[in-house]
Amino acid sequence: MSAAITAFLTVAALSTLLYVVTRTLTRVDDALYESVAGVSTNALSIFEDPSVISDGMLIWRAGTQWLGGLAALGLAVGLLPFLGGSRELSGGPQLRARGNDALATRPVKALKRVAAIYAIVTSGVAIAFLVAGMGPRDAVAHSLSTVSTGGFSTWADSIGHFDSWAVEFVAIGAMVGAASSVAIAWLVWRRAFGDTRRAFELQVYLAGISGATLWVWWLQQGHDGTDETGIREALFTVVSVATTTGHRVADWGSWHPGASALLLVMLVIGGTAGSVAGGLRWIRLIGMGQFIWRELQRQLHPRLVRTVKVGRTKISEASVDRMHAQMVYVMTLGAVASLVLALFGEGITEAITLTISAISTMGPGFDDSQQGIVSATRLSRPERAVLMPVMLTGRVFLYPAFVAGGAAMTEVARRARAVSRR
Amino acid sequence: MAGSIFGRQVDDREGFASSNRDRHRFFVAPTVHVIGLSLLFLTPGLTLALLIEWGSASSHDEGALLLATAIAMVVGGALWFPTSVGSGISARSVFASVAFSWIACSFVGAVPYAAGSMFSWGQFDNALFEAVSGFSATGSTVLDDIERNGAGILMWRQITQFYGGMGMVVLAVTVLPVLGVGGLSLMSAEAPGLATDRLAPRVSETARTLWKLYLGITVVVTTLLWAVPGPNLYDAFAHALTTASTGGFSTYNASVGHFDSWLVETIIVVGLFLCAINFTLHHRALRGDVGGYWRSADTRMYAYITAAAIAFATLLNWLQDVRDTQGDLIETGFTAALRDSTFNVVTLASSGGFGNARGEDSLGNFVLWSPPLQLVLLLLMVIGGSAGSTAGGAKVFRVQVAFSYAVRSVKKLRHPSSIVPMKLGQAPVPTDNVHRIIGFLTTFLAITLIGTLLVTATGAPFKESVSASISAMSNMGPALGGAGPTSNFLFFESRFARMVLTTLMMIGRLEIFAVLLMFATPAASVRKRLSTRS
Numbered sequence: 001m002s003a004a005i006t007a008f009l010t011v012a013a014l015s016t017l018l019y020v021v022t023r024t025l026t027r028v029d030d031a032l033y034e035s036v037a038g039v040s041t042n043a044l045s046i047f048e049d050p051s052v053i054s055d056g057m058l059i060w061r062a063g064t065q066w067l068g069g070l071a072a073l074g075l076a077v078g079l080l081p082f083l084g085g086s087r088e089l090s091g092g093p094q095l096r097a098r099g100n101d102a103l104a105t106r107p108v109k110a111l112k113r114v115a116a117i118y119a120i121v122t123s124g125v126a127i128a129f130l131v132a133g134m135g136p137r138d139a140v141a142h143s144l145s146t147v148s149t150g151g152f153s154t155w156a157d158s159i160g161h162f163d164s165w166a167v168e169f170v171a172i173g174a175m176v177g178a179a180s181s182v183a184i185a186w187l188v189w190r191r192a193f194g195d196t197r198r199a200f201e202l203q204v205y206l207a208g209i210s211g212a213t214l215w216v217w218w219l220q221q222g223h224d225g226t227d228e229t230g231i232r233e234a235l236f237t238v239v240s241v242a243t244t245t246g247h248r249v250a251d252w253g254s255w256h257p258g259a260s261a262l263l264l265v266m267l268v269i270g271g272t273a274g275s276v277a278g279g280l281r282w283i284r285l286i287g288m289g290q291f292i293w294r295e296l297q298r299q300l301h302p303r304l305v306r307t308v309k310v311g312r313t314k315i316s317e318a319s320v321d322r323m324h325a326q327m328v329y330v331m332t333l334g335a336v337a338s339l340v341l342a343l344f345g346e347g348i349t350e351a352i353t354l355t356i357s358a359i360s361t362m363g364p365g366f367d368d369s370q371q372g373i374v375s376a377t378r379l380s381r382p383e384r385a386v387l388m389p390v391m392l393t394g395r396v397f398l399y400p401a402f403v404a405g406g407a408a409m410t411e412v413a414r415r416a417r418a419v420s421r422r
Numbered sequence: 001m002a003g004s005i006f007g008r009q010v011d012d013r014e015g016f017a018s019s020n021r022d023r024h025r026f027f028v029a030p031t032v033h034v035i036g037l038s039l040l041f042l043t044p045g046l047t048l049a050l051l052i053e054w055g056s057a058s059s060h061d062e063g064a065l066l067l068a069t070a071i072a073m074v075v076g077g078a079l080w081f082p083t084s085v086g087s088g089i090s091a092r093s094v095f096a097s098v099a100f101s102w103i104a105c106s107f108v109g110a111v112p113y114a115a116g117s118m119f120s121w122g123q124f125d126n127a128l129f130e131a132v133s134g135f136s137a138t139g140s141t142v143l144d145d146i147e148r149n150g151a152g153i154l155m156w157r158q159i160t161q162f163y164g165g166m167g168m169v170v171l172a173v174t175v176l177p178v179l180g181v182g183g184l185s186l187m188s189a190e191a192p193g194l195a196t197d198r199l200a201p202r203v204s205e206t207a208r209t210l211w212k213l214y215l216g217i218t219v220v221v222t223t224l225l226w227a228v229p230g231p232n233l234y235d236a237f238a239h240a241l242t243t244a245s246t247g248g249f250s251t252y253n254a255s256v257g258h259f260d261s262w263l264v265e266t267i268i269v270v271g272l273f274l275c276a277i278n279f280t281l282h283h284r285a286l287r288g289d290v291g292g293y294w295r296s297a298d299t300r301m302y303a304y305i306t307a308a309a310i311a312f313a314t315l316l317n318w319l320q321d322v323r324d325t326q327g328d329l330i331e332t333g334f335t336a337a338l339r340d341s342t343f344n345v346v347t348l349a350s351s352g353g354f355g356n357a358r359g360e361d362s363l364g365n366f367v368l369w370s371p372p373l374q375l376v377l378l379l380l381m382v383i384g385g386s387a388g389s390t391a392g393g394a395k396v397f398r399v400q401v402a403f404s405y406a407v408r409s410v411k412k413l414r415h416p417s418s419i420v421p422m423k424l425g426q427a428p429v430p431t432d433n434v435h436r437i438i439g440f441l442t443t444f445l446a447i448t449l450i451g452t453l454l455v456t457a458t459g460a461p462f463k464e465s466v467s468a469s470i471s472a473m474s475n476m477g478p479a480l481g482g483a484g485p486t487s488n489f490l491f492f493e494s495r496f497a498r499m500v501l502t503t504l505m506m507i508g509r510l511e512i513f514a515v516l517l518m519f520a521t522p523a524a525s526v527r528k529r530l531s532t533r534s
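Here the protein sequences come in this chain order: A and B. So that you can map any letter, position 275 of the first sequence is 275 in the numbering used here, and since no number is skipped, the others follow by simple counting. So that you can map any letter, position 312 of the second sequence is 312 in the numbering used here, and since no number is skipped, the others follow by simple counting.
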């Protein structure tokens with residue numbers, strides 16, 4: 001796990017060097033921030049207008065997100081389930097297509113297959129963007145940042161720049177696909193379409209996106225006398241947020257407070273397990289719901305024995321423990337980071353939403369005055385410095401960060417004891 | 001209220017209740033009996049308020065109070081007299097009894113407001129908000145001018161918080177016959193915490209001891225407040241009622257800030273701090289075991305959190321520029337910063353909700369404080385006080401257990417074969433209780449989130465909505481922004497938003513499970529009948 005974190009940091013360091021050497025960014029701290037935002041697949045860029053960057057660096061910038069996404073996917077599906085993590089909660093890498101082998105039975109095999117699927121899907125999305133009317137540079141850059149649920153764009157107004165339903169349709173499909181378990185793509189690849197019906201989490205996820213879209217669209221009808229938001233705009237925004245991508249076709253930070261609040265909740269939940277998206281994951285939400293139901297029943301029947309299930313998958317008690325522990329860590333990290341951001345001058349809403357967004361690997365937050373989304377360009381350097389570790393921690397699914405942190409603290413304590421004995 | 005941490009016992013008689021007669025005996029009759037008794041216990045409070053209203057120069061709501069007294073007596077008597085609890089009470093009836101008692105008391109408690117000059121029958125939702133805010137010891141209000149109301153009706157408002165602080169069902173248990181484990185469950189279901197410590201061999205004796213302690217604290221606070229310059233006997237009694245219950249209602253628009261007295265504030269701060277500590281420890285302290293406070297990990301952590309928050313708030317308010325609503329700088333010396341920070345931190349950490357702002361532009365108005373301090377206040381609201389106290393919130397011990405649980409989980413990931421016991425201080429925490437605690441916290445957060453979504457859907461700003469939802473669930477009182485301590489919840493213009501917050505207050509006070517399980521008995525009954533027919 002420490003190796004995985006080191007890999008993220010190495011890519012970030014190389015990227016920083018590239019930004020500085022090519023003079024895309026003159027300050028090292030700015031370059032480091034942009035690189036960390038990239039590898040952590042956050043869309044919180046410090047470029048107000050990315051179109052001023054050279055084509056090569058624009059592709060590299062999106063490429064950092066692609067690499068970050070690949071590393072995260074490898075960590076989630078290829079490594080964590082084999083290192084004592086929760087297999088039931090890792091998006092079903094062991095999901096076995098009938099008559100075919102499972103996606104992941106050994107770490108190396110799993111990593112190879114994940115990388116192949118990721119590369120093929122990215123190529124497919126790039127071609128789809130080209131067909132939808134994007135230029136080659138935009139198509140490649142956007143496919144890299146969409147499949148990785150990163151959200152970097154080559155334009156200041158993101159996907160909204162193209163004002164094309166075809167481009168938005170492709171982006172929506174790519175974002176939903178990227179936020180779905182890679183095991184589903186594996187089943188589709190092995191033509192085991194019937195087996196995808198067993199993906200209960202995906203069904204709930206799609207239902208959640210549909211419900212949220214309708215709710216946002218309904219609230220946006222005639223809100224504060226503004227132009228009504230169409231169902232297309234609502235769908236794109238909900239998908240972009242629920243997949244923790246961050247592409248934009250509208251400034252949802254100025255939307256109805258109820259719509260913004262719901263988008264924030266969708267952001268916290270994030271995508272499905274075993275996908276490249278961030279957030280808590282729907283599988284944990286379903287698991288928590290089942291757990292609450294069990295505890296309610298135990299109030300009436302104290303000796304009740306009941307297993308927590310997600311669909312037909314039984315969740316072990318150890319996994320349930322880890323699921324809740326992760327929630328405690330998310331909240332602790334969120335509270336501490338929000339407090340530090342507020343100490344540096346951010347308002348309460350901005351501090352909370354920026355932190356949640358960074359942990360969920362999306363990036364932008366919103367303010368209390370409904371003036372629009374809060375981007376990195378208005379953040380001070382200390383605030384960006386605070387957000388960097390938060391974004392990275394969120395990207396590596398918290399647990400490895402805390403396990404590595406715990407191991408480091410244990411080692412420091414051991415050495416300190418050894419020194420004091422001498 | 002009451003009780004410490006672990007082990008609720010319930011008498012699960014579902015299996016025995018095979019016939020309609022059994023169902024009536026174990027489920028319906030005890031529920032109705034407890035509801036009736038709870039309503040009857042409102043009568044002394046209503047009568048006291050009625051007498052004060054009659055005796056005061058500003059009296060104009062005697063009729064409304066008389067009507068409520070009559071309803072409490074007639075309905076309460078009609079429910080109580082023909083029923084009995086027998087020798088025990090089932091698990092399902094426990095939750096139904098508590099939740100329906102609170103709903104019944106809230107509706108009857110709202111009658112004086114709706115029938116009098118405070119609101120009208122057309123504004124019954126506002127009256128219910130005020131009543132639920134009272135019984136749940138929350139302290140949020142939808143009154144824009146408190147002082148225009150009569151002394152009696154305002155006293156009733158204070159008395160509702162006094163009832164709610166310890167709980168009407170705990171009061172009812174004091175006179176119920178021997179209930180076995182069911183009685184303890186009744187108290188636990190109403191109590192902030194997990195279960196009630198037995199202070200005496202009999203449950204009714206335990207309930208009586210708790211109420212005696214509660215009354216004792218109220219009398220002491222009344223005496224002290226009356227003794228210092230400022231409050232008269234009426235003011236002292238009114239504020240003592242809401243201090244002991246950590247409720248936060250006041251008879252003045254400026255709340256405690258009306259007296260502008262550091263002595264009054266000190267008495268209330270000490271009162272609130274003590275009432276947010278487990279009452280069992282007070283009982284032991286009175287018997288000579290003062291060291292029990294320090295031995296309790298829960299109480300120690302509560303004291304640490306409060307002290308750290310006071311230090312942080314004082315430092316920031318002293319060193320940072322604090323600006324008033326016009327943007328002008330507020331003069332803040334160290335003493336003023338210490339006084340206002342201590343008062344507001346303690347009142348929020350104990351889920352009291354009093355305000356000491358001397359006007360909208362004074363430092364006591366915490367919505368003027370810097371954002372990090374307001375975030376700390378939000379965290380204090382969520383954490384709340386100790387288990388077994390009259391304070392609300394998620395409770396310190398649950399937060400402690402959640403953290404230990406998370407640390408243990410990481411340890412077990414690093415060393416999968418290791419056995420890491422869960423402990424709170426020196427006391428081991430059984431796995432079942434850990435799950436119950438985690439289940440509670442998850443549900444607490446989920447309901448707060450749903451509340452926030454519903455309130456924002458009415459168009460209310462995010463900051464006010466999320467802080468009001470947290471405040472309601474934690475039974476705190478004021479929120480942030482436009483719903484702060486010098487304002488009121490009429491900030492939320494939508495009636496629907498206020499009803500959502502009313503529901504959250506009730507759910508928060510009954511610690512979620514009782515409200516969620518209140519329909520378990522009717523649902524089981526319907527299910528049984530349907531299955532019998534089919």
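Be aware that one or more of the hints could be misleading.
Said to hold, decoys possible - Below are the DSS-like pairs computed for lysine-lysine, each with C-alpha atoms no more than 25 Å apart in a straight line: (1) K314(A) <-> K412(B); (2) K423(B) <-> K309(A); (3) K411(B) <-> K423(B).
Stated by the list, open to error - From chain B, some residues computed to sit far from chain A (all C-beta separations above 10 Å): (4) F41; (5) G122; (6) L263; (7) G333; (8) R436; (9) L453.
Claimed, not checked - Just a few of them, taken from the derived set where beta-carbon distance is under 7 Å, the chain B residues facing chain A: (10) L79; (11) P82; (12) T83; (13) R148; (14) Q374; (15) L375; (16) A402; (17) A406; (18) G439; (19) T442; (20) T443; (21) F462.
Just so you know, these hints were derived from the structure itself, not from any lab. Values in this document were obtained by computation on a predicted structure and should not be read as measured data. All C-beta atoms in this analysis are idealised placements derived from N, C-alpha and C, irrespective of residue type, glycine included.
Status of each hint after checking the structure:
no., hint, result
1, K314(A) <-> K412(B), "holds (20 Å)"
2, K423(B) <-> K309(A), "violated (28 Å)"
3, K411(B) <-> K423(B), "holds (15 Å)"
4, F41, "holds (25 Å)"
5, G122, "holds (27 Å)"
6, L263, "holds (33 Å)"
7, G333, "holds (23 Å)"
8, R436, "violated (6 Å)"
9, L453, "violated (6 Å)"
10, L79, "violated (24 Å)"
11, P82, "violated (27 Å)"
12, T83, "violated (22 Å)"
13, R148, "violated (32 Å)"
14, Q374, "holds (6 Å)"
15, L375, "holds (5 Å)"
16, A402, "holds (5 Å)"
17, A406, "holds (4 Å)"
18, G439, "holds (3 Å)"
19, T442, "holds (5 Å)"
20, T443, "holds (5 Å)"
21, F462, "holds (5 Å)"
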